[in-house]
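Going down the list, the protein sequences come from chains A and B.
At position 64 of the first sequence the residue is numbered 64 (the working numbering), and the sequence of numbers has no breaks.
In the working numbering, each residue carries its 1-based index in the second sequence increased by 1000.
Any given hint could be a false lead.
Claimed, not checked - Listing some non-contacts, in silico: residues in chain A with all C-beta distances to chain B over 10 Å: (1) 298; (2) 444; (3) 624; (4) 627; (5) 641; (6) 827.
As the list claims (entries may be wrong) - To give a feel for the contact side, a few chain A residues facing chain B, derived at Cβ under 8 Å: (7) 239; (8) 410; (9) 673; (10) 684; (11) 766; (12) 817.
Bear in mind the hints are in silico, worked out from the structure with no lab data behind them.
For each residue, glycine too, the CB sits at the ideal point set by N, CA and C.
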Amino acid sequence: MTTYRIAIVGSGPGGLSAAAHAAKLGLSHILLEKTDHLSDTIYKYQKGKHVMATPSQLVLRSPLDFEAGKREVVLGTWNEQTAAAGVNVKHGAEVKSIVGTGAPIPGSVMQLATRNRDGTTSTTELQRNAPPYRLTLTNGEEIMAEAVIMALGTQGNPNLMGCPGGNLPHVQYQLDDPTEYTDEHIFVIGGGDAGIENALGLCADPAQNNTVTLINRTADFPTAKDANVKALLAARDAGRISIMAESNTTMVEPGFITVETRDGEVRARCDRIIARIGSAPPRGFVESCGIEFASADRLAFPKLSATFESTAPGIYVVGALAGYPLIKHCMNQGHDVVEFINGNLDLKPADEPILEAKFAGLPGRRSVAEWLEYLRDRVSILNGMSSLQMREFMLDSAVKLYRAGETIFERSAPGSSLFGIADGEVAVEVNPNDPSITVPIGTGQIFGEVGLISGRRRGATIKAARDTIVVEISRNAALKLMSQVPSASREITRINTERTLLQIFKSGLAPADLVDVIAGAKVETIRAGQAIIKEGETGDDIFIIRSGSMVVEKSIGGKPVFLSYVPAGSYVGEMAVIDGSARSATVRAAVKSDVIRLAGEPFRALLAAKPQLLDKLRGEMASRTKLNNFVESKKDSFSGVVDMYTGVANFLVEQGVGEATDVLLIDEKLCVGCDNCEKACADTHDGLSRLDREAGRTYAHLHVPTSCRHCEHPHCMADCPPNAIHRGPTGEVYIDETCIGCGNCQRNCPYGVIRLDKTPPKKPWLLSWFLFGSGPGPGEASHKWAKKHDPAYAEKAKKAIKCDMCSGQEGGPACVRACPTGAAIRVSPEQFLSVSLMNREDR
Amino acid sequence: MASTAPVRKAMTGKAVTRAPRDTAHEGFLTHKRGRWAKVALTLSIVAMGAYLLTDPVPRHNGGTWLGYLLGSIGAGMIVWLSLLGVRKRVIGSKPFSLKGWTSAHVYLGLSLIVIGTLHTGFQLGWNVHTLAWALMMIVILSGLWGISLYANLPERLSANRGEVTQLQMLEAIRTLDRQLDTAAQPLGGEDAEFVRMSLEQCTIAGSLRQRLFGNYASDGNARALAAISEKVMAGLRSGRADDRLQQIQFLLERKEAALAQARRHISLKTQLELWLYVHVPVTIALLAALLAHIISVFLYW
Ligand SMILES: Cc1cc2nc3c(=O)[nH]c(=O)nc-3n(C[C@H](O)[C@H](O)[C@H](O)COP(=O)(O)OP(=O)(O)OC[C@H]3O[C@@H](n4cnc5c(N)ncnc54)[C@H](O)[C@@H]3O)c2cc1C
Ligand code: HEM
Ligand code: SF4
Ligand code: SF4
Chain A
1 MTTYRIAIVG SGPGGLSAAA HAAKLGLSHI LLEKTDHLSD TIYKYQKGKH
51 VMATPSQLVL RSPLDFEAGK REVVLGTWNE QTAAAGVNVK HGAEVKSIVG
101 TGAPIPGSVM QLATRNRDGT TSTTELQRNA PPYRLTLTNG EEIMAEAVIM
151 ALGTQGNPNL MGCPGGNLPH VQYQLDDPTE YTDEHIFVIG GGDAGIENAL
201 GLCADPAQNN TVTLINRTAD FPTAKDANVK ALLAARDAGR ISIMAESNTT
251 MVEPGFITVE TRDGEVRARC DRIIARIGSA PPRGFVESCG IEFASADRLA
301 FPKLSATFES TAPGIYVVGA LAGYPLIKHC MNQGHDVVEF INGNLDLKPA
351 DEPILEAKFA GLPGRRSVAE WLEYLRDRVS ILNGMSSLQM REFMLDSAVK
401 LYRAGETIFE RSAPGSSLFG IADGEVAVEV NPNDPSITVP IGTGQIFGEV
451 GLISGRRRGA TIKAARDTIV VEISRNAALK LMSQVPSASR EITRINTERT
501 LLQIFKSGLA PADLVDVIAG AKVETIRAGQ AIIKEGETGD DIFIIRSGSM
551 VVEKSIGGKP VFLSYVPAGS YVGEMAVIDG SARSATVRAA VKSDVIRLAG
601 EPFRALLAAK PQLLDKLRGE MASRTKLNNF VESKKDSFSG VVDMYTGVAN
651 FLVEQGVGEA TDVLLIDEKL CVGCDNCEKA CADTHDGLSR LDREAGRTYA
701 HLHVPTSCRH CEHPHCMADC PPNAIHRGPT GEVYIDETCI GCGNCQRNCP
751 YGVIRLDKTP PKKPWLLSWF LFGSGPGPGE ASHKWAKKHD PAYAEKAKKA
801 IKCDMCSGQE GGPACVRACP TGAAIRVSPE QFLSVSLMNR EDR
Chain B
1001 MASTAPVRKA MTGKAVTRAP RDTAHEGFLT HKRGRWAKVA LTLSIVAMGA
1051 YLLTDPVPRH NGGTWLGYLL GSIGAGMIVW LSLLGVRKRV IGSKPFSLKG
1101 WTSAHVYLGL SLIVIGTLHT GFQLGWNVHT LAWALMMIVI LSGLWGISLY
1151 ANLPERLSAN RGEVTQLQML EAIRTLDRQL DTAAQPLGGE DAEFVRMSLE
1201 QCTIAGSLRQ RLFGNYASDG NARALAAISE KVMAGLRSGR ADDRLQQIQF
1251 LLERKEAALA QARRHISLKT QLELWLYVHV PVTIALLAAL LAHIISVFLY
1301 W
């Protein structure tokens, strides 16, 4: 058997570029691709998708060409150039194991943790062997190589059907074109978004005459988006689709399917099965090759050296799997890794100029490598990072020199980035009324973590105490850091607990006073709806809400009545510590939240030592008791009003208001349906409306239209390849022009407020519409009009668009300004979820 | 990861205050605790006081100093009230509140009853001057009509649509049509004819009359439903129930219900706009008459 110099697993932009470069250098190589075409991830993009080539300043080093353009063109170019370069491709080659065939490497043993079905984990030990590696394919073929480049991407493999017959050819795991099938009995398995969208696609056109059934394991659809579930139920009510809930497939035969339902077994005619039961990330396979990940966190990536080498010597990881999801990055890494394997260790990464620019203008005249080393060494939470991680980390971060007295951020500024002090010292103005009272934070330490963790505005103004070099770590980089470097995560949590306590309780407390309280503090994650305090129970723990929010309810006359809404950065449960009484109300999570649980005992000791703090808490407690009494008295006289208040509050919490910072509400007792809000939105935002007034949920004539809630921890930011989603200076969540239109944010937003669309051409002046009827008039123009008036429209790229809270517009949200009756308001939940809501019914 | 493109509006660490905005949950009639109602009321009372306290010779009319004053105020107000149509459509980025504008529009508009009428000195006759006054009164009365609709219909609109959008209502009807079409395939001549009646002779909204009075008895679907129901009943009585016809009847009933919802929706939306078809054209006529009135006054002078 020949032993190749390099085996490359996966032919995405990373693997393909590596293979082409190996071919160019004349290295013996083989490119293994599991499908029958190249670059499966891009192959699966929507037809005609405009592929974007960001970041634009990054030079492309790959032997293959790549520029922004249609999916078909990009793939066509690569197919041609791969063939021309003489790349040795093997299609249909899915690698299932990679093991070293050399001698065992002393001390190189990996602990492999596997999660069992029952939730427990078991660990096995894996002894790594030296290269060359033997790669085994799923068809049993074997391939030998001295070095392996893993470029698998992050798509992973779809979960397979486990029942007998699950491997028959009419069972498929993807649906490329729902219009392809006609006159068939089709079963879609899985009630997640993918399954629902596929099922709806198959029954959308009755002319196709498909009989579509969706099989779902549970009774409802907890993981799918509300809009999808509604569309599905509407399709069922319209008779276009059948749903089998609480059902499991037990057997597949040619032409038939057997399903176990709650009422017994059903065998039905079935020509095709589309199973959308999730997919397994490639992590399990990658680990089994001896490649360690940075942590157990779902977001973690493999541990890599500066040359992309993993913990298994001779196995390299590049591309999305290494944490770089942009095509250009993937291609450059493919090139670089082959250079490294070929012995060119001096090669500077392509992003060197970008990093150079980041360090330009700082004192000390260090090279990029020296700066990275300097930061890693000085800022304690960065100590555990590898040099590759530092590079990637730096791309998303900034370093700045602040002169003595310069403000780094102000109280109440929005901001979720984390700061580390590389050199110098900052002063925290803890008292808003007296800026002269400051607390120092010194070299090596961090600040800004409260904003990062709670998603709320800055709690204090921070200025440089002397000339200070600070690294500002964006929210994304910080979250990644916490998942990659467990020690950093622990450190941030500890500091956050301490500072949150100081910030909340103030009253002249110093960190030393809190030692005992913090020693007993625990951070707990609370599911939405779960109670941390139950009315009537005894207990004296105090809870600080670190992220998310809570609602407080009291049972009056046997019914739960909504008392108040508690945002992150507040505390609950202090009453029991002060007066020793049983819990007077129930506190439950409005959304998934993190709380810090403080034991009552040390806290009581703290109160005994600090009478000021006791007074402060007493004051707070008095106002809470007053509120309770007020609601209770209302309940006696105006029972209906209080029920309505509770109903509305619960409805709003269900609609995600608990994690919102700013939400659009429409009072349908006032809304005349003129859609002036939508028109105003379009007219102030490139001609595209970012809100759908009619869509959305309604309760007691209070309507929550489809419009961004500007979440504290925006779900949409989770998985944006170019990192195009940010929080702006007035707290708005917005998407910048680097969006590549991948649609991830649209899928990730649970409220369905993002859409992908193209900018229409400019409309003629309003006056000419007024007088001569030219142009489409106020509001969003139709696609037809846009097509007719812009020859380039058809070719334009679709990008993600959403509400930006009209940031930068002096008048504030245009939708609110433009509502003639006052039906539309944009408010923060604290503003709205208060007792004043009760007056709504009194009016 | 690395987004290295210049960021449009990066955070600066500054506590940028948000643009001030109206977060008060009050409708246009109660805007700022009825500020404009108070202004308009004061204006009317002052005008009436001045009218009663002065005793011009030979009598009150547009030509006295008070008449001129009231006339100028009135004309200015009419022009300003008309500009609401422009304000509504030019959004820009500057602060304004259309709700505030509407609130002022309504109350100042009502005060024109006093100001405009006192301006005439009750000297009405068959001339261009009285025409302007009459048109003004029509606009104002139509405005009042509008207000009563704005006060009552939104709640009904909301209750009728629940959480369904107009598009979804129409989509539901189309879907039922497709199901009817499929279900009618095996049917014979006359029965299929009825289904076709529902498919082809059914209008959702119909004429303005129908929209307003909701009489759709002669519509294709209603007739088809009546005919099919009769046949189903006959079948039941004779003990030979026809499953296929019953299925059709069921679908026609559902379509009738879906139509009823969509029609109520459209009817309410029509009513919410209809009054504007008096308010706005008459406003334009008023502006023309006002111009004629002013020119003729100065010509005679
Ligand atoms: C809808 C969408 C739109 C996007 N748009 C853009 C864009 O416009 N611009 C941009 O820069 N980025 C975009 N991205 C991101 C980009 O496509 C991916 O991050 C990139 O393709 C990752 O490249 P890769 O080489 O790491 O892996 P992939 O492209 O995922 O390729 C991995 C390859 O490995 C194969 N493979 C997997 N497992 C095995 C195995 N065991 N054995 C053999 N072969 C295997 C797969 O079949 C696949 O061909 C988009 C992503 C999506 C989902
Ligand atoms: C002479 C007096 C008046 C004039 C010239 C006038 C003129 C107008 C005009 C031009 C519009 C804009 C319509 C559009 O573009 O959609 C309008 C809207 C309106 N007017 Fe008047 N109006 C007058 C008096 C009144 C009065 C007295 C009332 C109420 C009692 C009233 C209530 C309204 C209302 C509710 C609107 C609709 C606002 C909206 O939905 O945007 N108007 N008026
Ligand atoms: S787009 Fe969706 S997830 Fe993102 S902030 Fe808005 S509501 Fe939240
Ligand atoms: S903004 Fe949304 S569509 Fe655009 S690149 Fe980011 S995740 Fe993809």
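- Message: Under the constraints set out in the numbered hints, which ones does this structure not fulfil?
- Response: 6
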